[in-house]
Amino acid sequence: MAIIKPNNNTISAITALPFNAGISMADQWRWTASFTGNAQPITSNWERNDTSFDKIGTGMTESSGIFTFPETGIYIVNTGTIFQLDSNSSYNAIVIRLSTAGGPNNSPIAYGYAHISRVASSTTYSQAVTEAMFDVTNITNFKVAISVSHHDTNTTTKGNSTSNENFTTFTRLGDT
Amino acid sequence: MTEQEWLDYALAKMHNGQWFGWKKDWTGEHRMSYENIIVHDSSITKPTEAEVNAKIQELKDAETARENLKASAKAKLIAGQPLTEEEADTIVL
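Line by line, the protein sequences give chains A and B. Heads up: the first sequence is residues 1 to 176, going by the working numbering. Heads up: the second sequence is residues 1 to 93, going by the working numbering.
Treat the hints with care, as some may be off.
Example chain A residues on the side facing chain B (calculated, C-beta under 10 Å, incomplete) [claimed, not checked]: (1) T32; (2) A33; (3) S34; (4) T43; (5) S44; (6) Q84; (7) R118; (8) S122; (9) F134; (10) N154; (11) T157; (12) S161.
Each computed BS3-like pair below joins lysine-lysine, with the alpha-carbon atoms no more than 25 Å apart [claimed, not checked]: (13) B/K60 <-> B/K13; (14) B/K23 <-> A/K55; (15) B/K70 <-> B/K60; (16) B/K55 <-> B/K23; (17) B/K24 <-> A/K55; (18) B/K24 <-> B/K46.
The hints are simulated quantities; they were obtained by calculation from the structure and are not laboratory data. In this text, a Cβ means the ideal position worked out from N, Cα and C, and glycines have one as well.
Work out the full structure: start from the sequences and follow the hints.
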C-alpha cells in the first residue's frame with residue numbers, strides 16, 4: 001500500500017501495490033509400485049500424493065511421466081527414492097531431466113546418487129535425493145521427467161501407494 | 001517388510017521395468033493386493049496368485065538362507081574351520 005502526498009503534505013490517495021502473498025503453487029507426486037532395473041524416464045504409476053495431502057494452486061499435469069507446469073515462474077523440484085537390493089550396487093541414480101524445447105528430448109539437470117553395500121547378508125536399502133531450481137519461462141516448452149539408473153540393474157526402486165517411498169515435489173517460488 | 005511390501009517386491013522381481021501397477025479405483029482392504037494388480041506390459045500375462053505367493057516365499061527363503069550362511073561362516077571363522085565359497089560371499093561381497 002502506498003500513501004501519496006502532494007506538495008501540501010496532505011494525503012490525496014492510498015494505492016494498493018502488488019505483493020507476494022506466499023507460495024502460489026506446490027504439488028507432490030509419487031509412483032505407486034516398485035520396479036526393477038533402469039527407467040529413463042519413469043513413465044507409469046504416477047499419482048498425486050493422496051495421503052493427508054492437498055496441493056496449493058493449480059498443481060502439475062502429468063502424462064506418461066512428463067510433467068507440465070501450470071504457469072511460468074521460478075520453480076524448485078525435489079525428488080528422491082529408496083532403492084533395494086540383496087547384493088551390491090556401486091551407484092543408484094535418480095535424475096531430474098528438463099526439456100526446454102517441448103519435444104521428447106530432455107537433459108539431466110540434477111543427479112542424486114546412493115550406493116548399496118549389502119549389510120548382514122540381508123536385503124539392503126539406500127536413498128538418493130536431488131533437487132533443481134530453474135526458471136520456467138514458457139509452460140508449453142518446459143517439461144520435467146524423472147529417471148533412475150543403476151550399476152546393478154537387479155536393483156529395485158521402491159514405490160508405494162500409501163506412503164512416500166519416493167517423492168517428487170514441485171514448488172513455485174516466485175515470478176519468472 | 002509388511003505383506004503388502006513383500007507382494008510389491010515380489011512382483012517387481014518377476015520382470016524388469018514398470019510392467020505392473022495398482023488399480024486407482026481399488027477394491028478390498030488394501031490397494032496393494034493381488035486383486036488390484038494391473039499389467040502395463042502387453043507382452044506379460046498377469047501371474048496367478050499361486051505364482052506370486054511362490055515368488056514371495058522364494059524371496060523370503062533366500063533371505064533366510066543368506067542369514068544362515070552368514071551365521072555358519074561366523075561360527076566356522078571362530079572355530080578356525082574353512083568356509084565354503086557361499087559362506088565367504090556373505091562376508092566379503
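These are the hints, each one checked on the structure:
1. T32: This interface hint holds because 6 Å falls under the 10 Å limit.
2. A33: Interface hint status for A/A33: holds (5 Å vs cutoff 10 Å).
3. S34: 4 Å, holds
4. T43: 6 Å, holds
5. S44: 4 Å, holds
6. Q84: Holds - the Cβ of A/Q84 comes within 10 Å of chain B, reaching about 7 Å at its closest.
7. R118: It holds, given that the least Cβ distance between A/R118 and chain B is near 7 Å, below 10 Å.
8. S122: 6 Å, holds
9. F134: This hint is violated: A/F134 lies away from chain B, its Cβ roughly 26 Å from the closest one there, beyond 10 Å.
10. N154: Since chain B brings a Cβ to about 8 Å from A/N154, closer than 10 Å, the hint holds.
11. T157: 8 Å, holds
12. S161: 5 Å, holds
13. B/K60 <-> B/K13: 12 Å, holds
14. B/K23 <-> A/K55: 22 Å, holds
15. B/K70 <-> B/K60: 16 Å, holds
16. B/K55 <-> B/K23: With Cα atoms ~21 Å apart, B/K55 and B/K23 stay inside 25 Å; holds.
17. B/K24 <-> A/K55: Since the Cα atoms of B/K24 and A/K55 sit roughly 19 Å apart, the hinted pair holds (cutoff 25 Å).
18. B/K24 <-> B/K46: 17 Å, holds
The structure shown violates just one earlier hint, number 9.
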